[in-house]
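So the chains spell out like this:
Protein chains: 2
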Amino acid sequence: MTTLTNPSTPFAVVDRDRLDRNIARLRAHLAALGVPLRLHVKTSKSIDVSARVFADGPGPITVSTLAEAEHFADAGYTDILYAVGLAPDKLDRVVALRRRGVDLIVLIDALVQAEAVAAASRAAGLRIPALIEIDCDGHRGGLAATDPRLIDIGRALHDGGGELRGVLDHAGESYFSATAGEQSRDADQERLAVVRAAEALRAAGLPSPVVSVGSTPTAHTGTALAGVTEVRAGNFVFFDLVMAGIGVCAVEDIALSVAVTVIGHRPDKGWILTDGGWMATSRDRGTAAQPVDQGYGLVTDLAGRLIPDLLMTAASQEHGTLALRPGTAGPLPDLPIGTRLRILPNHACATAAQHDRYAVVAGPAGDDGAPRLVGAWPRHNGW
Amino acid sequence: MTTLTNPSTPFAVVDRDRLDRNIARLRAHLAALGVPLRLHVKTSKSIDVSARVFADGPGPITVSTLAEAEHFADAGYTDILYAVGLAPDKLDRVVALRRRGVDLIVLIDALVQAEAVAAASRAAGLRIPALIEIDCDGHRGGLAATDPRLIDIGRALHDGGGELRGVLDHAGESYFSATAGEQSRDADQERLAVVRAAEALRAAGLPSPVVSVGSTPTAHTGTALAGVTEVRAGNFVFFDLVMAGIGVCAVEDIALSVAVTVIGHRPDKGWILTDGGWMATSRDRGTAAQPVDQGYGLVTDLAGRLIPDLLMTAASQEHGTLALRPGTAGPLPDLPIGTRLRILPNHACATAAQHDRYAVVAGPAGDDGAPRLVGAWPRHNGW
Numbered sequence: 001m002t003t004l005t006n007p008s009t010p011f012a013v014v015d016r017d018r019l020d021r022n023i024a025r026l027r028a029h030l031a032a033l034g035v036p037l038r039l040h041v042k043t044s045k046s047i048d049v050s051a052r053v054f055a056d057g058p059g060p061i062t063v064s065t066l067a068e069a070e071h072f073a074d075a076g077y078t079d080i081l082y083a084v085g086l087a088p089d090k091l092d093r094v095v096a097l098r099r100r101g102v103d104l105i106v107l108i109d110a111l112v113q114a115e116a117v118a119a120a121s122r123a124a125g126l127r128i129p130a131l132i133e134i135d136c137d138g139h140r141g142g143l144a145a146t147d148p149r150l151i152d153i154g155r156a157l158h159d160g161g162g163e164l165r166g167v168l169d170h171a172g173e174s175y176f177s178a179t180a181g182e183q184s185r186d187a188d189q190e191r192l193a194v195v196r197a198a199e200a201l202r203a204a205g206l207p208s209p210v211v212s213v214g215s216t217p218t219a220h221t222g223t224a225l226a227g228v229t230e231v232r233a234g235n236f237v238f239f240d241l242v243m244a245g246i247g248v249c250a251v252e253d254i255a256l257s258v259a260v261t262v263i264g265h266r267p268d269k270g271w272i273l274t275d276g277g278w279m280a281t282s283r284d285r286g287t288a289a290q291p292v293d294q295g296y297g298l299v300t301d302l303a304g305r306l307i308p309d310l311l312m313t314a315a316s317q318e319h320g321t322l323a324l325r326p327g328t329a330g331p332l333p334d335l336p337i338g339t340r341l342r343i344l345p346n347h348a349c350a351t352a353a354q355h356d357r358y359a360v361v362a363g364p365a366g367d368d369g370a371p372r373l374v375g376a377w378p379r380h381n382g383w
Numbered sequence: 001m002t003t004l005t006n007p008s009t010p011f012a013v014v015d016r017d018r019l020d021r022n023i024a025r026l027r028a029h030l031a032a033l034g035v036p037l038r039l040h041v042k043t044s045k046s047i048d049v050s051a052r053v054f055a056d057g058p059g060p061i062t063v064s065t066l067a068e069a070e071h072f073a074d075a076g077y078t079d080i081l082y083a084v085g086l087a088p089d090k091l092d093r094v095v096a097l098r099r100r101g102v103d104l105i106v107l108i109d110a111l112v113q114a115e116a117v118a119a120a121s122r123a124a125g126l127r128i129p130a131l132i133e134i135d136c137d138g139h140r141g142g143l144a145a146t147d148p149r150l151i152d153i154g155r156a157l158h159d160g161g162g163e164l165r166g167v168l169d170h171a172g173e174s175y176f177s178a179t180a181g182e183q184s185r186d187a188d189q190e191r192l193a194v195v196r197a198a199e200a201l202r203a204a205g206l207p208s209p210v211v212s213v214g215s216t217p218t219a220h221t222g223t224a225l226a227g228v229t230e231v232r233a234g235n236f237v238f239f240d241l242v243m244a245g246i247g248v249c250a251v252e253d254i255a256l257s258v259a260v261t262v263i264g265h266r267p268d269k270g271w272i273l274t275d276g277g278w279m280a281t282s283r284d285r286g287t288a289a290q291p292v293d294q295g296y297g298l299v300t301d302l303a304g305r306l307i308p309d310l311l312m313t314a315a316s317q318e319h320g321t322l323a324l325r326p327g328t329a330g331p332l333p334d335l336p337i338g339t340r341l342r343i344l345p346n347h348a349c350a351t352a353a354q355h356d357r358y359a360v361v362a363g364p365a366g367d368d369g370a371p372r373l374v375g376a377w378p379r380h381n382g383w
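Protein sequence lines, in the order shown, are assigned to chains A and B.
Residues 1 to 383, numbered by my numbering, are exactly what the first sequence covers, in order.
Residues 1 to 383, numbered by my numbering, are exactly what the second sequence covers, in order.
Simulated from the structure, these hints should not be mistaken for lab results.
Everything hinted at is true.
Sample of chain B residues lacking proximity to chain A, with all beta carbon distances greater than 12 Å (derived):
id, residue
1, ASP56
2, ALA73
3, ARG122
4, ALA123
5, THR179
6, ALA203
7, ILE307
8, THR328
9, TRP377
Partial chain B-side listing against chain A, Cβ under 10 Å, derived:
id, residue
10, SER8
11, PHE11
12, LYS42
13, VAL84
14, ILE108
15, ASP135
16, GLY141
17, ARG266
18, ASP268
19, LYS269
20, LEU273
21, GLN317
The model shown is predicted, which means the values in this text are computed figures rather than measured ones.
Heads up, the beta-carbon is just placed ideally off N, CA and C, and yes, glycines get one too.
Working from the sequences, and respecting the hints, build out all of it.
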């Protein structure tokens with residue numbers, strides 16, 4: 001019997017029961033709205049996590065790198081959207097994936113990209129499908145739904161030998177919306193922008209079979225998806241303190257943590273030192289911009305019970321500093337050298353990225369009282 | 001002929017000529033002071049980088065994880081200091097390394113650690129050597145040089161069956177000292193604390209053959225090292241914008257960068273978007289605390305020439321945002337989609353950690369005008 005007391009710290013832990021609960025929640029919400037999920041695998045980069053989402057075999061996924069696309073293609077996934085604006089010199093890898101039988105779709109928002117996709121399609125003797133990125137909230141890339149270049153790009157792609165598959169947007173600013181009501185309005189805005197863009201293409205005689213929206217906050221708070229054909233979300237499998245800070249989940253839903261060991265004390269400073277630094281947690285401090293700053297993360301015991309008022313407040317490469325939340329009356333909890341703890345992350349995508357596998361726990365505790373390990377799931381980093 | 005125009009972006013680049021120059025500079029400084037270097041390999045985690053430091057074969061190294069120790073032991077390194085406070089349940093891996101013939105030294109600052117090292121030594125029938133960590137500047141762990149527990153810990157280790165190898169400190173606060181003069185005073189403080197601790201042990205009849213100091217700023221600015229037996233430094237092989245910001249190096253010395261490709265433009269926002277996000281650069285924003293905030297990094301062309309006033313100002317997982325430095329008059333440079341650039345990092349240790357290998361450039365440019373690739377050096381992450 002192996003439990004969380006066994007592996008050498010630090011290491012990433014996935015709570016499979018919480019993971020399954022998070023998946024069931026979004027599945028139920030989207031089923032009620034009648035729109036399928038296109039899972040974003042960039043958070044977990046794990047075939048095993050994705051298999052919990054797609055119990056009946058590989059489903060449609062979104063990737064953030066071609067390395068993810070290649071890795072998931074190796075595992076039998078054939079419907080893959082590469083949702084980062086295309087660098088034209090990556091088209092050789094796109095063509096190679098399509099020749100393997102993968103329906104790989106790329107993302108563009110400029111005429112030169114449409115021309116490059118069309119030229120590569122002609123050269124390869126196949127039609128590479130692309131979505132045009134629409135901007136709904138000024139977050140990052142994309143065209144306004146009313147931008148006349150949308151039609152020019154669509155036409156260059158369609159007439160040049162590529163395949164105009166449709167339009168996509170992402171309400172990235174919803175991560176900064178503090179309430180479900182605001183996030184629901186973000187979802188409306190996300191839906192309206194992309195539906196309007198699809199209508200503009202169709203009015204110009206161009207196809208737009210796919211109308212794709214998605215972000216974890218809007219996926220959970222949208223109440224109507226008329227005109228939308230798919231919802232993308234990824235972070236929800238694990239959730240994190242940023243999502244808890246805006247109410248998309250509870251702290252008790254967070255399925256990813258980092259197991260660490262106490263290695264020292266500085267009572268004169270109010271510090272407990274651990275062997276989990278930023279190499280294990282990442283440097284992400286997403287909650288610093290929220291009303292409640294959770295430092296580098298909340299601290300639980302090995303069983304996952306929160307230790308009140310204790311935060312990871314600082315990080316070196318392989319050292320974490322735990323201290324009481326500023327303004328909290330002491331004393332520090334008694335956590336001797338050798339005590340194992342878990343850190344709940346600010347941002348699951350960033351923390352998971354520091355690891356090459358997950359220690360998976362599920363079900364009742366082991367004989368030593370610690371969560372029982374039921375598997376080790378690899379993760380695929382790189383580009 | 002392969003150059004930086006070939007690999008799929010984003011990827012980490014090491015400029016070997018700059019690396020060699022950085023190594024020669026610290027080697028010359030320490031040779032003049034008559035103290036050997038114990039290279040910290042946590043920055044590069046690369047056998048190939050370390051081989052540039054130790055031209056005559058494996059030398060003494062410092063590691064931040066036992067995975068580094070095991071990896072470097074596989075490559076023939078036999079003198080290894082594990083310079084993170086010991087979690088007692090890692091002693092089985094320590095014993096395994098010593099049984100392989102590696103002189104692995106651990107670090108402690110508490111009586112329970114000394115007792116655990118002594119007990120493991122007796123159980124294994126060998127003497128595990130440990131240094132006692134001394135605190136010189138309130139940065140992290142360690143005991144004050146005058147703390148009476150120093151003698152108790154030394155005695156428990158020495159009399160209990162372990163080996164008291166000596167004392168160590170690290171002027172971590174020197175990273176926040178803005179001038180060479182201040183850093184030189186930090187170096188004096190670092191030296192005095194650890195020398196005083198060694199003298200206290202010896203006065204109590206205990207050995208302290210090793211007196212170890214080190215940080216990249218103090219290693220370059222220290223002017224006297226009487227009583228010190230070794231200097232640890234690691235970041236200096238690559239340097240970074242934090243080190244340039246406190247004058248330890250020039251921007252032109254930075255040997256690590258991340259190659260990225262332009263994938264979009266938002267002229268309405270003043271943004272150029274790239275395919276290099278925080279997954280490629282890390283979330284480290286070390287220069288945010290310095291007088292000149294360099295965002296997520298300075299931007300160069302593919303040949304390494306700085307593009308004036310352009311910064312990486314924001315990062316998503318796989319998107320970087322480039323913009324003019326706040327307060328700078330426009331216009332944005334003309335960098336079409338497909339243009340390759342390089343990002344100079346805030347913190348080389350953190351940026352390098354996002355990658356599993358380095359593309360190595362050296363010598364004159366290739367036929368296409370881009371730096372020529374002379375190798376791909378793997379890096380060993382994990383714990």
